[in-house]
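Residue numbers (the numbering used here), protein chains in the order written: chain A, 274 to 619; chain B, 274 to 619.
Rather than coming from a laboratory, the hints here were simulated on the basis of the structure. One thing to keep in mind: the hints can contain errors.
Remember, identical chains collapse to one label, so a pair may be satisfied in a single copy or spanning two.
Simulated pairs of lysine to any residue, SDA-like, Cα-Cα distance not exceeding 25 Å [as the list claims (entries may be wrong)]: (1) K535 x P307; (2) K535 x G519; (3) K380 x P332; (4) K359 x L482; (5) K499 x L306; (6) K603 x I342; (7) K603 x A615; (8) K380 x Y543; (9) K359 x W341; (10) K339 x D545; (11) K535 x A311; (12) K359 x A311; (13) K535 x G577; (14) K526 x D598.
Just so you know, these numbers come straight off a predicted model, no measurement behind them.
2 protein chains.
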Amino acid sequence: MHAMRPILYIIASLMLAPPVLAQEIRDVPVRQLPLPQAASPELRALIQTGSMATWNDHPATADDWKSWIAQGAEKASAVLPALREKMGVTVEASKIAGVNVFTIVPKDVSPENRDRVLIHFHGGGYVLNPGEAGTGEAIMMAGLGHVRVISVDYRMPPDFPYPAAMDDAFAVYKGVLATNDASRIGVFGTSTGGAMTLALVLRAKAEGLPLPGAIAAGTPWADLEKIGDSYFSNDSVDNVLVRYEGWLGDAAKLYAGGHYMKDPYLSPIYGDYRGFPPTILVTGTRDLFLSNTVRVHRKLRESGAVADLVVFEGLSHAQYLFSPDMHEAKEYFRELEGFFNAHLKR
Amino acid sequence: MHAMRPILYIIASLMLAPPVLAQEIRDVPVRQLPLPQAASPELRALIQTGSMATWNDHPATADDWKSWIAQGAEKASAVLPALREKMGVTVEASKIAGVNVFTIVPKDVSPENRDRVLIHFHGGGYVLNPGEAGTGEAIMMAGLGHVRVISVDYRMPPDFPYPAAMDDAFAVYKGVLATNDASRIGVFGTSTGGAMTLALVLRAKAEGLPLPGAIAAGTPWADLEKIGDSYFSNDSVDNVLVRYEGWLGDAAKLYAGGHYMKDPYLSPIYGDYRGFPPTILVTGTRDLFLSNTVRVHRKLRESGAVADLVVFEGLSHAQYLFSPDMHEAKEYFRELEGFFNAHLKR
């Protein structure tokens, strides 16, 4: 072996790039994934529709982003009248601390939820779902969980990069705190909304505010950079986000606007989780954010927090929000309802 | 569209097999997985060693199996003297109800564990780890958790296919019940041992015995057949089992010995989880058994049981057992210790 070293050294030094050890990279061959037999029929039907049509769009200018976002919002809003009716909720637009919000009230607030309120941050990569387009998850939570929800229409790029969204989130939290006991406030959201939920608690801790009684982070965008194993292992397995190299990575850059992406208010995985309130996290086996979710769960449990983890079989990113009739959607909202009911003060 | 139907029908009827809709299969291209940055340095070092050398062995005859099993047992046993010393435990071989067991006692049983005992079923696909080779996990649990452990050396193929292993497991449980309160008994195991833990509770329920106070199923082999999405999505991503088509699928057939593989005592995912004791489940994002684990977790929670789920970043099948110095190993045993402490009667 020793005799070979000089030869290897010479070969290596002739190469333009430093040699990569084969063991540092694991080669995974082409594969064909059948429909997940053990997922619900509704989820299997959704998977059969293929990848999201827009996953690999790359708007180039601010105007391109705006028209792309407007197209998405139109689609998302089209289903809302029927959803509101099905869920039996009323939605009212107003402002809290100068931030646009939607207050969603179900026709039957349950007795244990009479003095409770949930704050909701919508998902969409910090770019999608402005206005009422972002209220779908909040409407389902209010209707299925029989609880009042305030959904925050936070400012977004291209006009308002970081820290506008977090400033709005924090302002609404402080506003709600003024008239509600923190122990009766729950905070939740999916994807970007899950990350904002975590970042809000980090900021409330840092600024010495009382923390919410419980929180739920659905498949949170905990790391804005492509760090986390499932960005690679579930690349092209997930049929919603599909790959980091789709619109998602562009949105990360647009939102961060040059800020350090490992700042915990942008990538909450890098925060200090000591003293966190009870937290439930939800993801799926095909989720590009599987690692984002389980990394936060580990940090929480290693910090001593009560932290529950739910992983749905065969589910891609945030797919539990795609239809209230899907078994996994019912289970998502049932898990959140049970968790908030167990941990929020009555 | 309607005009095309007859033509499609004719083409379809000319084919030998029914036509497969393209959407039913998801194509995943070749990928290269870098080392998971957010896994511990110890786990990353382990992943760098590549796939288990034996994953694609296919012993053909009973004698081939026996010599293959003996080689594995020799390797597994070689590390045990140092492990026993490091963990500060004594190990004594005896019999309970005619079944070979090892009783493992740490030098410092904690006060809260004085009247508690854990029963352990080792892993190894129902074929590997006979005799003391199967005691590694039990030794680490006893030493790190400061608790007495009885590790069951159940009978295995090729000489003893199903139901020998489950009969032995059940006999030991009944034997331990004779001198211990069920609420002070915990049961745990990894892989095959996790599945046997679940199947034992199913059988105790069916036969009207008191159930253990809490159980832990590490990455349980809940479905002996290749059903479950991660058998496909983590195919060749997992570097321990690697693929169902390695020795694993052969072991399933050898163990089942012609029995119906969906029998809940062989594939506990098909059991009735109502009334289960508190259960903790553990897996990793690269685990071939990720779906086996999360499917059981969902069934438990949908049945109303207390069920915790832990998913380690970048971890393949059962890798938390590979070294007691690995961060994920320490966390695995800390999670189990905390769970048993919270749920077993003192």
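For each hint, the structure was consulted:
{"no.": "1", "hint": "K535 x P307", "in the structure": "between (37 Å within a copy, 20 Å between copies)"}
{"no.": "2", "hint": "K535 x G519", "in the structure": "within (21 Å within a copy, 41 Å between copies)"}
{"no.": "3", "hint": "K380 x P332", "in the structure": "neither (41 Å within a copy, 65 Å between copies)"}
{"no.": "4", "hint": "K359 x L482", "in the structure": "neither (37 Å within a copy, 46 Å between copies)"}
{"no.": "5", "hint": "K499 x L306", "in the structure": "both (24 Å within a copy, 12 Å between copies)"}
{"no.": "6", "hint": "K603 x I342", "in the structure": "neither (28 Å within a copy, 46 Å between copies)"}
{"no.": "7", "hint": "K603 x A615", "in the structure": "within (18 Å within a copy, 29 Å between copies)"}
{"no.": "8", "hint": "K380 x Y543", "in the structure": "neither (40 Å within a copy, 39 Å between copies)"}
{"no.": "9", "hint": "K359 x W341", "in the structure": "neither (29 Å within a copy, 61 Å between copies)"}
{"no.": "10", "hint": "K339 x D545", "in the structure": "neither (35 Å within a copy, 51 Å between copies)"}
{"no.": "11", "hint": "K535 x A311", "in the structure": "between (37 Å within a copy, 13 Å between copies)"}
{"no.": "12", "hint": "K359 x A311", "in the structure": "neither (28 Å within a copy, 42 Å between copies)"}
{"no.": "13", "hint": "K535 x G577", "in the structure": "within (23 Å within a copy, 39 Å between copies)"}
{"no.": "14", "hint": "K526 x D598", "in the structure": "neither (35 Å within a copy, 38 Å between copies)"}
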